[in-house]
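Visitor: Spelled out, the chains give:
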Amino acid sequence: MSLLEIRDLEVSFNTPDGVVRAVRGLSFDLDRGKTLAIVGESGSGKSVSTQSLTGLSRGAHVTGSATFDGIDLLTADEHQLRGIRGARIGMIFQDPLSSLHPYYRVGWQIVEMIRAHDRSVSKRAARDRAAQLLSMVGIPHAKDRIGDFPHQFSGGMRQRVMIAMAMSVEPDLLIADEPTTALDVTVQAQVLAVMRKLQDEMGTAIILITHDLGVVAEMSDEIVVMYAGQVMERASRRDLFYRHHHPYTEGLLASLPAQGGKGTRLSPIKGTPPSSINPPDRCPFAPRCPYAFDKCWRENPLPRVVFGDPSHQSACWLSTDEATRREERARMVASKLSAEEPA
Amino acid sequence: MIRFLIRRILLGILVLWLITMAVFGLFFVAPNNVARTMAGRQATPQTVELIRERLGLDQPVWKQYLDFIWKALHGNLGYDYYYQLPVTHIMAQALPITLSLALGASVIWLIIGVTNGVLSAVYPRSFIDRGLTAFALFFYSFPSFLLGLVLLYFIYYKLTLSGLRWFPPGGYAPLSQGPGQWALHMILPWLTLALVLAATYTRLTRSSMLDVLGEDYVRTARSKGLSERRVVLRHGLRSALTPVVTQFGIDLGQLIGGVVVTETVFSLPGLGKTVIDAITRQDLPVIVGIVIFASAAVVTANILVDVAYALLDPRVRLH
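Chains as they are written, first to last, in this note's numbering: chain B, 1 to 343; chain F, 1001 to 1319.
Fair warning: there could be bad hints in the mix.
DEER-style ranges, computed between Cβ atoms [to be verified]:
{"no.": "1", "chain 1": "F", "residue 1": "Ile1006", "chain 2": "B", "residue 2": "Gly155", "range": "34 to 40 Å"}
{"no.": "2", "chain 1": "F", "residue 1": "Ser1227", "chain 2": "B", "residue 2": "Asp72", "range": "20 to 26 Å"}
{"no.": "3", "chain 1": "F", "residue 1": "Leu1184", "chain 2": "B", "residue 2": "Gly155", "range": "58 to 64 Å"}
{"no.": "4", "chain 1": "B", "residue 1": "Arg7", "chain 2": "F", "residue 2": "Gly1214", "range": "56 to 62 Å"}
These stretches of chain F come out as covered by chain B in the derived footprint (C-beta under 8 Å, 3 or more residues) [what the hints assert, rightly or not]:
{"no.": "5", "segment": "1211-1220"}
{"no.": "6", "segment": "1235-1247"}
{"no.": "7", "segment": "1302-1314"}
Calculated from the structure, these hints are not laboratory results. No experiment lies behind these values; they were computed from the predicted model shown. Backbone N, C-alpha and C fix where the C-beta goes; we use that ideal spot for every residue, glycine too.
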């Protein structure tokens, strides 16, 4: 059994403008010690889906199932969830300055975390452990720095503090919500390395939420690509980069600066993501898809196995067979080109 | 910190000095006939002149002022025109009453205001929130003289008429008559003052708390698996209190200088009532003395608020 099994997770919010369907049918499994990346643009439902797992998305209507080590997270009561949050599922967030309490010393904040889940640890022992953790995540003179306030640390150091705090009680799962987005590129790699090191030492599973495909390539074993609250494609790292099926994934990869080589223009995906309020029943990516055909506008595709590999799924009506898919794509592009030409 | 304090205190002294000049100036610009009033209706011009001389009013204004400053620096704020009592003595008698009123009320309004504000913010747009908001707005729009009279009418007048002589109609009982009597005399004034201010604090705490509860670090606190109580109080309220403390310092500073309306309604001879009486009698030394004290209270409160800020928020450094 996997550590975390998510099936058909749906998250919606009631707003004055209508029901926002933030997540529509998310499913995945995650094993101990593995890293799953959730990739997508802003508003694609990446953060909401993980926050709803631990009951942090307030006012959300959540359905489906999420089994964490045999416990159904969606039906667990607040007391049970509280025991899981932090202790078994640690979280780190995007902006490490605003994520640490500005009024409390970092040591105090880590000690609070340790003692919240194990009262039997003495304050002194928790403090020693905090210092040890800070030096594990690469903070120099950790013993002296546990008495410092968050604003006395740099951005990368603060994120290390967050990681140290989240890992202080050795959770089985770490949810890292855009952990490197707010950091300098040079610091990003260091922070990722720290996460990997702790993962190796503690055997933690990681859900890595990001929109940075570079981070994905660095860290993940499996990748879920989300768009407008839906899973577009789910694949191993290798498949995602070299044998992707979904046109959205293709678009994401094509918009990486390195793809075209030096001197070529960037090729972003045209158009903007759709609104999640009362979405129509069609492929959400159809309006921006270069290969969209009539079926895409009529029916919303569910993820299905592609290229004969059960670990690779794609929610696209294009053929699941590699050769046929290539032909179909060529035909769509050709027919679109001819349609655009003046008669 | 020390340099900051010294600078602020010097600045405060400058402010107080300017205020004494302003009060003196205003007093002599306005038509002034203290001597005539004191002399009585049928006094001869000679008598009036004699009184003016004795009060020092025949001297040029600048000389009176310098005289006043010189004595004030030696701890002597002069004597009141009518009974020749030292102004410091008059103030020393009135101050405990104002302090009792302001400090007692502040405890009540802080408890009500902060509790209601936190509840409103934790359950926003709920029945509790709307109820507490209505409660706050009701008292917020209540003039305190009217609230005082309404309390007196129902809780003193009506109760006493129906045979329950629980509350006195007003006046002050010093602590030396026992804390029970003291509190009994203060309850209605406390409520009058506190309910109006509690409304402000409810709104202030609510909005500040709502801001803080939306902060990332509160989400972090929840993600750590802390109890909701700890998240709200230890992580939320701790930050949300900063603006409340600021407001509290300023309000308390103002009140300690005299609570004019409430003291008048309940005939409490505190600084507020004393200064109002002094103004109607044009008793300059008393007016100046109390105004200086009130200003000093406000200035001190402001300095303390800045110090409190630095103590509350580690990111703030005083320069």
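Visitor: Take a look at whether the Cβ-Cβ distance between arginine 7 of chain B and glycine 1214 of chain F falls inside 56 to 62 Å.
Guide: 31 Å, violated
Visitor: Has the segment 1211-1220 of chain F got at least three residues whose CB is nearer than 8 Å to a CB belonging to chain B?
Guide: n = 5 at 8 Å, threshold three: holds.
Visitor: Taking 8 Å as the Cβ threshold, is the statement that the segment 1302-1314 of chain F is covered by chain B upheld or broken by the three-residue rule?
Guide: holds (count 3)
Visitor: The hint says 20 to 26 Å between serine 1227 of chain F and aspartate 72 of chain B; measuring C-beta to C-beta, is that right?
Guide: Holds: the Cβ-Cβ distance is about 22 Å, inside 20 to 26 Å.
Visitor: Do three or more residues from the segment 1235-1247 of chain F put their C-beta atoms closer than 8 Å to C-beta atoms of chain B?
Guide: Since 3 is at least three, the answer is holds.
Visitor: Taking 58 to 64 Å as the hint, is the beta-carbon distance of leucine 1184 of chain F and glycine 155 of chain B inside that range?
Guide: 59 Å, holds
Visitor: Taking 34 to 40 Å as the stated bounds, is the beta-carbon spacing between isoleucine 1006 of chain F and glycine 155 of chain B within them?
Guide: Given range 34 to 40 Å: holds, Cβ gap about 37 Å.
Against the hints set out earlier in the document, a violation occurs for number 4 only.
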